[in-house]
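Peer 1: If you want the building blocks of each chain, they are given just below.
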Amino acid sequence: MTAKLVLENLKHKPMRSLLSVFLIAIPVTLILCLVGLSQGMLADSARRARGIGADIVIRPPKTSMLTLSGAPIPEKVVDAIRQKPHVALAMGMIVHPITSVTFVSGVDLSRFNQMSGGFKYLEGGPFRGPDDMIVDEYYAQQHKLHAGDQVTDILNRPWHVSGIAEGGKFAHVSVPMRTLQDLTGNTAKVSQIFVKVDNPANIPAVMAELKAPDFLPDYNIYTMEEFTSLLTVENVGGLSTFIHVMVGIGVVIGFAVVLLSMYMAVLQRTREIGILKALGASRWFILKIILAEAVVMGLGGTVVGIGLSFAARALILALYPASLTQAITPDWWPIAGAISLAGALLGALYPGLSAAAQDPIEALAYE
Amino acid sequence: MSEPLIEIRALTKVYRVGKVDVSALRGVDLDVPPGEFLAIVGPSGSGKSTLFHIIGGLTPATGGAVRIGGQDISALTDAGRTELRKNKVGFVFQKFNLLPNLTAADNIAIARHIAGRGQTPEPEFEEVLKLLGVSERLNHRPAALSGGEQQRVAIARAIVNHPAILLADEPTGNLDSENSTAVLDVMRDLNRRLGQTILMITHNPEAAAFAHRTVRMRDGRIVG
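Going down the list, the protein sequences come from chains A and B.
Going by our numbering, the residue at position 240 of the first sequence is 240; the numbering climbs one at a time, nothing skipped.
Going by our numbering, the residue at position 141 of the second sequence is 141; the numbering climbs one at a time, nothing skipped.
What the hints contain is simulated information worked out from the structure, not anything from laboratory work.
It should be emphasised that the depicted structure is a prediction, and the values quoted were computed from it without experimental measurement.
We put the beta carbon where it would ideally sit given N, CA and C, even for glycine.
Among the clues, some could well be false.
Said to hold, decoys possible - Derived lysine-lysine pairs resembling DSBU-like cross-links, with alpha carbons at most 30 Å apart: (1) Lys4/A with Lys95/B; (2) Lys130/B with Lys4/A; (3) Lys189/A with Lys62/A; (4) Lys76/A with Lys62/A; (5) Lys120/A with Lys144/A; (6) Lys189/A with Lys211/A; (7) Lys288/A with Lys4/A; (8) Lys95/B with Lys13/A; (9) Lys288/A with Lys13/A; (10) Lys11/A with Lys95/B; (11) Lys288/A with Lys95/B.
To be verified - Not close to chain A: a few residues of chain B, all C-beta gaps over 10 Å, as computed: (12) Glu3; (13) Val17; (14) Arg26; (15) Gly35; (16) Ser44; (17) Gly69; (18) Gly70; (19) Gln71; (20) Ser74; (21) Phe125; (22) His140; (23) Leu145; (24) Gly173; (25) Asp176; (26) Glu178.
Claimed, not checked - According to the in silico footprint, chain A covers these stretches of chain B (three or more CB under 8 Å from chain A): (27) 51-60; (28) 98-107; (29) 110-121.
Bound conformation, chain A alone (with noise of 0.2 Å):
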């Protein structure tokens, strides 16, 4: 009965019921939007980074994993890296950030096809000339480009699209690795260098000789394997604190929406709150009944939310396919739903008390 009371209540009202539902949905898809975004663009970026079919990632060192600044890596020491037993392929390439998200890479074309397998090509071929590009089918959906085309917008110069190239190998966007290192002012160096070994077996060793206190003490060095498994949200600065803030105003925004919204239900229902008292309902029988229509919002408002975070991912997919990945985390439903659940008790909490107190002749006489 106390169920059919509290849905009758919420039906009662439907546009009340369904804005409040709305409004606890945005901070639900808005926690699992960007949880989703943090978790889709690390799995991508490290699904790009196997891609290129290296066993072992060489950082400068002191930097992060997200991003690197500038190529302070001679070229020298590639060459110093192809002289160690073991090591079939060493590849230096040199990136530069374009947006905060998107970054252009400079690759030597043929060593990276040695070592990647090349670029698969849905439209054009490879470089020709220095000023060429090659985009993934990302980029290109993107930014709405084709084999042939011109872009003008990436360090404010030309470049003539040569390839689209199927996405997964590293960057959206590469050019010839000369024409980046002199147009950034880097010549002869590298941001960060891959090595293939000739056999699997053989990684260790080589990562012992790479770490040798003669050799690069202070570079970041990885398996590939160890490189991809760091891209998580907590290795990136700031990213798990950004997201407990997050939390933070997902909890707020559920708790301010329910609790004004509950406290003009309690108003407008007073009446209806000393009918109930004059029937013998306790302090707690009332109370219950306004935490169980916040209940229901709150798990309405989690389901829309999470409804939400489907349409959020579809569109950026639409709109944003090279900038932004979102995936989708249902290990996050839960929690988002217990942060919705914990916002709309606690709003609920003061028109609730406020409710079950009230004086019943008064509310009986209320108009």
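Following the hints, position chain B against chain A.
Peer 2: Leaving out everything else, chain B in the frame of chain A:
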């Protein structure tokens, strides 16, 4: 003569309105035997509703004693008065006061639910619903019922838990004469057939005539 069901002695009630104390009841003495249909009449502000609110456990008394079935209710806590409303009294109001979101049947069921008696009334209650003339209207919400029907559903709700006392505050105040007569007939029937003790506040002498006895109130006292 049987023991009174309601025994009121030197009952007082003082309300605080801002910084002023207002005496609503100034020493009421009243005995009501079980099965009586009692009308209470008096001008506005005479204390009729306050007397009802105290007997019904909606507000505590300031002084004096009120015993219902031997139990002194004047010293009850808020929780104790909640129990009283749940089990011993049923209210009928001038404005019907049905829950607008629920059907007539659910309005009756929720009273049972609150009293912890399950939702479905006993089979015998079907007879009461027939007597009240609402059996065919139970699946309608209050907005779809006439005033008379709403008040008869409110009566059904008030007595579904078999309260010792039915308190009716101006039950015909919002009804036309035809519906008023129907409601008063029903109340008299309930009193006769079920022995339901009824206290009814009214301004209407014709309504008061349905009762066994009428007491008059003025300025917080019973005057006749």
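Peer 1: It remains to establish, for every hint, whether it holds in the given structure.
Peer 2: Hint by hint, here is what the structure shows:
A hinted pair counts as satisfied when its Cα atoms are at most 30 Å apart, and Lys4/A with Lys95/B qualifies at roughly 24 Å. With a CA separation close to 26 Å, the supplied pair Lys130/B and Lys4/A stays within the 30 Å bound. For the suggested pair Lys189/A and Lys62/A, the alpha carbons sit about 17 Å apart, so the restraint of at most 30 Å is met. Proposed proximity of Lys76/A and Lys62/A is supported: the alpha carbons are some 20 Å apart, at most 30 Å.
Note on Lys120/A and Lys144/A: the hinted pairing holds, with a Cα-Cα distance of about 19 Å set against a maximum of 30 Å. Our distance criterion of 30 Å between C-alpha atoms is met by Lys189/A and Lys211/A, whose separation comes to about 20 Å. Taking the CA atoms of Lys288/A and Lys4/A, the gap is near 13 Å; set against the 30 Å cutoff, the hint holds. For the suggested pair Lys95/B and Lys13/A, the alpha carbons sit about 22 Å apart, so the restraint of at most 30 Å is met.
For the suggested pair Lys288/A and Lys13/A, the alpha carbons sit about 19 Å apart, so the restraint of at most 30 Å is met. Distance hint between Lys11/A and Lys95/B is fulfilled; the C-alpha atoms sit about 23 Å from each other, no more than 30 Å. Among the hinted pairs, Lys288/A with Lys95/B is consistent with the structure: their alpha-carbon atoms are about 26 Å apart, no more than 30 Å. The non-interface label for Glu3/B is consistent with chain A: the shortest C-beta to C-beta separation is roughly 25 Å, beyond 10 Å.
A cut-off of 10 Å between C-beta atoms confirms that Val17/B is not in contact with chain A; the least separation is 13 Å. Arg26/B, annotated as away from the interface, keeps every beta carbon of chain A farther than 10 Å; the closest lies near 19 Å. For Gly35/B, the requirement that its beta carbon stay farther than 10 Å from each beta carbon of chain A is met, with the minimum near 23 Å. No Cβ of chain A approaches the Cβ of Ser44/B within 10 Å, the least distance being about 14 Å, so the stated non-interface status holds.
With a closest Cβ-Cβ approach of about 16 Å to chain A, Gly69/B is found to remain outside the 10 Å limit, as its non-interface label requires. With a closest Cβ-Cβ approach of about 20 Å to chain A, Gly70/B is found to remain outside the 10 Å limit, as its non-interface label requires. The claim that Gln71/B lies off the interface holds: its Cβ sits roughly 16 Å from the closest Cβ of chain A, which is beyond the 10 Å cut-off. For Ser74/B, the non-interface assignment is confirmed: its Cβ lies about 17 Å from the closest Cβ of chain A, beyond the 10 Å cut-off.
Look at Phe125/B: its CB is around 16 Å from the nearest CB on chain A, clear of 10 Å, so calling it non-interface holds up. Residue placement check: His140/B keeps its beta carbon more than 10 Å from all beta carbons of chain A (closest about 14 Å). Every CB of chain A is more than 10 Å from the CB of Leu145/B (nearest about 16 Å), matching its label as outside the interface. Here Gly173/B stays apart from chain A, with its beta-carbon at least about 14 Å from theirs, past the 10 Å limit.
Here Asp176/B stays apart from chain A, with its beta-carbon at least about 22 Å from theirs, past the 10 Å limit. With a least CB separation of 26 Å from chain A, Glu178/B remains clear of the 10 Å interface cut-off, as annotated. By the rule of at least three residues with a Cβ nearer than 8 Å to a Cβ of chain A, the coverage given for the region 51-60 of chain B holds, with 4 such residues. With a threshold of 8 Å between beta carbons, the proposed coverage of the region 98-107 of chain B by chain A holds, since 6 of its residues qualify and at least three are required.
Interface restraint, the region 110-121 of chain B with chain A: holds (6 residues with C-beta to C-beta distance below 8 Å; minimum three).
Every hint from the earlier list agrees with this structure, and none is contradicted.
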